[in-house]
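Each residue of the sequence shown is one higher than the last, beginning at 1 in my numbering.
No wet-lab data here; the hints were simulated from the structure.
Any given hint could be a false lead.
To be verified - Distance condition first, Cα-Cα at most 20 Å in a straight line; then the derived PhoX-like pairs of lysine-lysine: (1) 155 <-> 122; (2) 73 <-> 120; (3) 35 <-> 155; (4) 120 <-> 155; (5) 135 <-> 93; (6) 83 <-> 35; (7) 83 <-> 73; (8) 116 <-> 74; (9) 35 <-> 116; (10) 89 <-> 116; (11) 135 <-> 28; (12) 93 <-> 35; (13) 73 <-> 116; (14) 74 <-> 122; (15) 35 <-> 120; (16) 83 <-> 120; (17) 73 <-> 135; (18) 74 <-> 120.
Only a predicted model underlies this, so the values are computations on that prediction, with no experimental measurement involved.
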Amino acid sequence: MNLRRFFLAFFSFILIISANAQLVNPVKWDIRSNKISDTEANIVLTATIDNGWHLYSQYNPAGASLPLTFTIKKTNNFSTFGKVAEYPKPTEKFEELFNVTEKFFSNTATFTQRIKVISKNKFTVDINLSGQACKDDGVCVPLDEDLSIDIDGSKYNLEITADTSTSSDSLALTSDTDNNSDS
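Assemble the whole structure, with the sequences as input and the hints as a guide.
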């Protein structure tokens, strides 16, 4: 009987620890848009990072911790151009475990994607963010967030036509290791 109680207590403890581990969300996201011209807007994503945690840059080198990636669902309502810019410049630190210099953010980071508005109607921009956040002690959690923002195309003076045909349902934003953002 005591053995049964021990196993019940042990498995209850493991279940509680597992549930708490899944609730850790060290990065909170805010999304907004800024109209920058009669046909263009910036989609601005701001990450607020809990103390003691860091978020890896989309420009983290190959062989390092998982970089942040952005996937924007492609529609005929808008087109993207340029790379996702990140601000401020990420911290760089040599990681002996991977033998590379990693790039990451602490406290806050802002990511900006420019879009060209094509539709005169209201539409939604859907973005998936994936990556990894870690503590210095090696505890890491995967990130997988779906964010969306509504854009009102009627607020833009659209006199453009664009061919937005594509064979893909989504546009994955990737970048090389050269980050020259001015944001």
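Enumerated hints in conflict with the structure, sorted upward
10, 12, 16 and 17
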